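S.K.: Each chain, written out:
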Amino acid sequence: MVLWLAILTFGAAWIGCSPSHESPPTASATASSTPAGRAEADFTACNIALAPLGDTDPIDQQIHRLQQQARVSTNSIAALDQLGWLLVARARDSFDPGYYKLAEQCALCMDARQPHAPEALLLRGHALHSVHRFKEAETLARELVTLRGSSPDYALLGDALMEQGNLDEATRAYQSMMDKKPGLEAYTRTAHMRWLRGDLSGAIAVMQMAVDASSPRQPEIAAWVHVGLALYQLQAHNIQDASHLLETALVLRPNYAPALAARGRLLLAEGNAEDAAESLRQAANLHPLIETQWLLVEALRATDQSEQAQGVERQVIERGPLEDPRTLALYLATTRQNVAAAVRLAEKELDTRQDVFTWDAIAWTHRAAGQLEQAYTDSQRAVAQGTQDARLFLHAGAIAAESGRPAESKRWLEQAAATQQMLFPSERRELERQLDGLRSHVALRTPEHPGLATDASEGRSR
Amino acid sequence: MTHRVASGWLLLPLLLSLAIPVQAHDPGLSAADVSIEPNQMRAHLLFARADILSLARASDLDQIAAQALLVRVDGREVAPVRVSVQRDDPADFQFLLSYRLPQAGQLDIDSLLLPRLARGHRQYMALRDQHGNVIAERVLDAHTSHLHADLIASSQTAKRPWSQFLRLGTTPVLGCLLIALAAGFWFVRRFFS
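If you read the protein sequences in the order shown, they are chains B and G.
For the first sequence, the working numbering gives the first residue as 12, with consecutive numbering after it.
For the second sequence, the working numbering gives the first residue as 952, with consecutive numbering after it.
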């Protein structure tokens, strides 16, 4: 009898304590409004966030440990939050945007377990912003600011607004961020905003503060701010400083793709195409950004490696529509290939972001398509914020010249020439061509050739 | 120490969101649900419409669907016996593939579209037994696009009718019954002693 009792009691206890084995978490995810929404929601976000990744990097062991914690911990929200930000760190570290998608799934899983948790909103907002879903990120950021209003919430709101070209409101969000928590993250945003507004020296001063505030204990972030400052210094003609900053970035984070790409750009500006090609090749292997590959194509052509250049160009054209349609549109318009596709890509980008660079891409593709008046209207929007960018100036100058506004063209082209070290080699050639055109136009306007009657039309346009 | 770790995590959102301007793109996310049934296997793949249309025209979808998976059973390739594409949803395409599955030991599935999709695309793949239990799952990408399962081992795990039965929501009822029985025995024994 006692034995029976023992068996029955043990059996009851075993059944009561039996773990649920591999059954997937049952929290259901909120369906995303994106095309991938159903694919992401049909399987719960928790399943995806906690599924093995199969990667082998040391950071992946940390990811695996946090996944385990999130499965069993009573405070699974905290474990998921840590997991999500670790995936974001992995995305930055590996330049693999797929990790942002997984971070988004962590946030959806958190939201399913604890609806409207600010941690989930922030993580998801950041993941969405990072994969160019700016409008959705803005919606979440506004909810966060109302709900909590902490420094990262204002940062997210400012970032989403800035990408969509709403600089005034973005500035206010960044100011709130700075008021709440001044520091490296606020300095980088302030610097970029100053640069967008045309205040290069102000941007350099604030980015220097970010560099000073950075720590080698976070090498990727420290390297990133060094690269940012280096590009500002390059624009300000402080080549030595820029070069030194890039070398420091590469010490902080060896083989850091953004630093290698910026070094390639600097070397090309100095006319050292050979070394530039090598640096850009490394950068493109590590992080095949369309812009880096475009620069690599130019460096390879400058060093008579046209076969390799063709191979890279093929990748740009194949991958560009998915990965960076705006830059591909610029590339196609600059090289006068498939102009109709360039216009389509640039106009489609407007659905995603409406900043000055998107307006510039639209203007440049319309110009390539021969729609000069439309191009002129678009280019006016591109230069409206006062951003001091050589490419914007070159495009505005070329469009003004070709649409019969030589005086305005001269103004823009002179500004482009003043910072032509920031232009790609093909763009520098275009600048030369435009300036030559302008010179011959001025030569034509001698008393014997009383002009091309452009002043009146310019007066109207202004 | 715990406090320091916690503060570190609080700072991460700020530090990690430095990417201005943003240089990533949306690589997309898809899902593959593979069910093992007696003598057959069904795969249900779900892709965002835009992701698939970046690979092919809508008219070529059947061909794309047929090429979506490479299935090997004990090292031998198995072709789908039925392929269909559902286009009802404006946002998605669903690929439904059926395979004849002989008595299998080792199952290997490669997701072949991943290297052709945008860089960074991820696919959640789950392999289920005939009861719906997940026997293998993984997040796949272009470099790791392979899922392996030992079907013999998983079927042995699955052939535990009691444990299966108990997992189907009857656990608390049985537990209570057993406790009641134990209490009954204890009461009878005590009363009659």
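It is possible that some hints are incorrect.
Unchecked claim - One side only, chain G facing chain B, incomplete, derived with CB under 7 angstroms: (1) Asp-977; (2) Pro-1066; (3) Arg-1089; (4) Val-1090; (5) Thr-1095; (6) Ala-1100; (7) Asp-1101; (8) Ala-1104; (9) Phe-1138.
In short, the hints are calculated from the structure, not lab data.
Source: prediction; values computed, not measured.
Ideal Cβ positions, reconstructed from N, Cα and C, are used throughout, including at glycine.
S.K.: Of the numbered hints stated earlier in the document, which are not met by this structure?
M.R.: Violated: hints 2, 6, 7, 8, 9.
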